[in-house]
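Residue numbers (the working numbering), protein chains in the order written: chain A, 75 to 436; chain B, 27 to 338.
Treat the hints as calculated values from the structure; they're not laboratory data.
Beta carbons are placed, not taken as given, at the ideal position from N, Cα and C, and that holds for glycine.
Warning: the hint list may mix true and false statements.
Unchecked claim - Stretches of chain A that chain B covers, calculated by requiring three or more beta carbons in the stretch to come under 8 Å of a beta carbon on chain B:
| id | region |
| --- | --- |
| 1 | 101-115 |
| 2 | 376-382 |
Said to hold, decoys possible - For each label pair, taking beta carbons as the anchor points, the in silico distance ranges come out as:
| id | chain 1 | residue 1 | chain 2 | residue 2 | range |
| --- | --- | --- | --- | --- | --- |
| 3 | B | Gly95 | A | Gly356 | 46 to 56 Å |
| 4 | A | Gly328 | B | Pro136 | 33 to 43 Å |
| 5 | B | Gln114 | A | Gly328 | 39 to 49 Å |
| 6 | B | Gly242 | A | Ala353 | 45 to 55 Å |
| 7 | B | Gly242 | A | Leu428 | 45 to 55 Å |
| 8 | A | Val117 | B | Ala32 | 54 to 64 Å |
| 9 | A | Ala353 | B | Ser159 | 15 to 25 Å |
| 10 | A | Gly328 | B | Gly95 | 45 to 55 Å |
| 11 | B | Gln194 | A | Lys273 | 19 to 29 Å |
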Amino acid sequence: MSRPPSHQSSSVLRRPSSSGARHPLIELTLARFREFLREPEAVFWVFMFPVIMTCALGIAFRTRGAEPVIAGIVEQDGADDLARALESAGGFTVRRIAPDQVDRAVRDGRAPVVIVPGTPPTYRFDQARAESQVARLAVDRALQRAAGRNDAFTAVEQPVQNVGSRYIDWLVPGLLGMNIMSTGLWGVGFSIVQARTKKLLKRLVATPMSKAHYLMSHVFSRLLFLTLEVVVIVGFAWLFFDVKVHGALWSLAGLALLGALSFGGLGLLLASRARTIEAVSGLMNLVMLPMWVLSGVFFASTNFPDAMQPFIRLLPLTALNDALRAIVNEGQALATVATEIAILTTWGLVSFVLSLRLFRWQ
Amino acid sequence: MVAEPAIALHCEGVVKRYGSVTAVDGLDLKVLRGECFGLLGPNGAGKTTTIEILEGLLHADDGEVTVLGQRWKSDAATLRQRLGIQLQETQLADKLTVAETLRLFRSFYPSGPTVDELLDTVELKPKRDAWVSKLSGGQKQRLSVACALAGRPELLFLDEPTTGLDPQSRRQLWEVLERFRERGGTILITTHYMDEAHALCDRVGIMDKGKLIALGTPRELVASLGAEHVVEFALANGHAIENALFAALPGVRDVRQDDTHLHLSTSELHLTVPALLALLSRQQATLSQLGTHSATLEDVFVTLTGRQLRDE
């Protein structure tokens, strides 16, 4: 036979040839990479969406410093004296309330506590609301002191801010997990089904291209993007929200890699038969939606009833999120998340093997 | 191995069924090396199914297929490297450039021309760095053919490569194919353009309902009609004259009527036309249109099946 087999040079990736063409695996991976980067929507969903999400949620749930207590004072004789007393105590914002508006002001939160001037003054507040209770205590302390009370002692106050236990610290690993899931599924599934509907798969099969190279190119291009994704999300959260990775960076990298491979396999499975973009989109949403809710992206999965927990814990995104949080927030070693790693590996392997059996090239 | 080196493609008794429909019904075919063979026929005749069986993309239910002396069952890997294939509906990736697309296809083959040589062959050099989505229909088809040429194939399969293209784009593509043939390449092309078959093909096979109903050089097939010319005319005011009167005119071999025109196949145009005019004036009928053309493969198909090739 005069012609060498096409995939002879697997150890030497660059062929010594003048054609300018590299090893098919590199060319296929490059093609995937370029197609993705030239799709602005895809770039937005993969990189910008998690960043915007982190921003929005980080701002909404930011940890506030000491804020002034809002105190309402009923507009009648003695109101000015009370206002002066509160202002000189400091830490209060005073709102004047019309006499017929007192209950409403407490109810709608305009003033968590309303003081009716008198000797002694009357406090109107909502016992069921912590904010209202705190405001009542603060107002009472300030007015008592203004009336001449001396404290038995002044305690030493040491405010603590626990980095690592804020909502944003908890959220970022979840967003990272969610992103690894959706880019894994979409990145692999969408492009394969698109190639199938455009008969490009069939055209490729009509060349000597190795089918394994084609599937592997999806995995490799996924890994390239994964690196970027993880760096963008973790880097952004670190720079702007001071979210720290407490565990080893290589543990985080290894876990992200495993997650990407696992969801890539799942994406391959979902795409192995689908003939239309609509069909594969439907399948992916069907798979992803329950995990967005159940797997603890935005709120802990422990909120669901105990009976559901064994099922929830077996979901790949739950495993990935739990493991990511153990590494990022708690600084655990990979060994402590062996169960999660086993769950992810199983999902990846089973779907990869199944999709190899089911895959339709034409 | 004493294979017949002169034969590029050989199939015998090939059958392909889809449920109760027989798409290819016992097809026998031989294509010689260096030949351009055209498979003609209307939509649904089984051309695409046939070519995809030959390309090893579909499995025949029955029959034997030999391509370049090899068989799909045992030699698929080497065979793939020796063939160039252009499929009817492939859409190449929109957001890759022309050069990137060619480099990708080129990487699948152990040897072949460089990307720049390919660009020259199909005259796409100026579009080297343009995205595929920005190409015209003709340019896309030439790129698709360039992809098929990426492994310097011995045999090129083209499935309706010029469908939907304007005449100039079609001619440009023909030139690419001519150059491929000059280097000794073999082509199997399907088309439903008769002029294309005339211009490109050494031999054509006409398919209908999964069977080969005629085979020969375009000239032989047209000559088999026994009539080299066709007179087409229409009468004003819907004037009707019995077809038998036309059939009796000198030289006329066949009379056919469609919605608007009458078609007379004739071997002796110089006798038929004056006789036709005389007949019409005797019948006091007025012509609204009159034309003649040399008989084509289209006329061969119509005569064989009673139907138009391009059923609109």
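Going through the hints against the structure:
Using a Cβ-Cβ cut-off of 8 Å, 8 residues of the region 101-115 of chain A lie near chain B, which meets the minimum of three, so the contact claim holds. Counting residues of the region 376-382 of chain A whose beta-carbon sits less than 8 Å from any beta-carbon of chain B gives 0, not enough to reach three: the coverage restraint is violated. Under the hint 46 to 56 Å, the C-beta atoms of B/Gly95 and A/Gly356, about 47 Å apart, fit the expected range. Against the hinted window of 33 to 43 Å, the Cβ-Cβ separation of A/Gly328 and B/Pro136 comes to about 37 Å, which satisfies the hint.
The hinted range of 39 to 49 Å is satisfied by B/Gln114 and A/Gly328, whose Cβ atoms lie roughly 46 Å apart. For B/Gly242 and A/Ala353, the Cβ-Cβ distance of about 47 Å falls inside the hinted range of 45 to 55 Å, so the restraint holds. For B/Gly242 paired with A/Leu428, a C-beta distance near 52 Å keeps the hint of 45 to 55 Å intact. A/Val117 and B/Ala32 have their C-beta atoms about 55 Å apart, which keeps the hinted 54 to 64 Å range intact.
At about 24 Å, the beta-carbon gap between A/Ala353 and B/Ser159 stays in the expected band of 15 to 25 Å. Checking the proposed 45 to 55 Å range against A/Gly328 and B/Gly95 shows it holds: the Cβ atoms sit about 52 Å from each other. A hinted range of 19 to 29 Å holds for the C-beta pair B/Gln194 and A/Lys273, which are about 26 Å apart.
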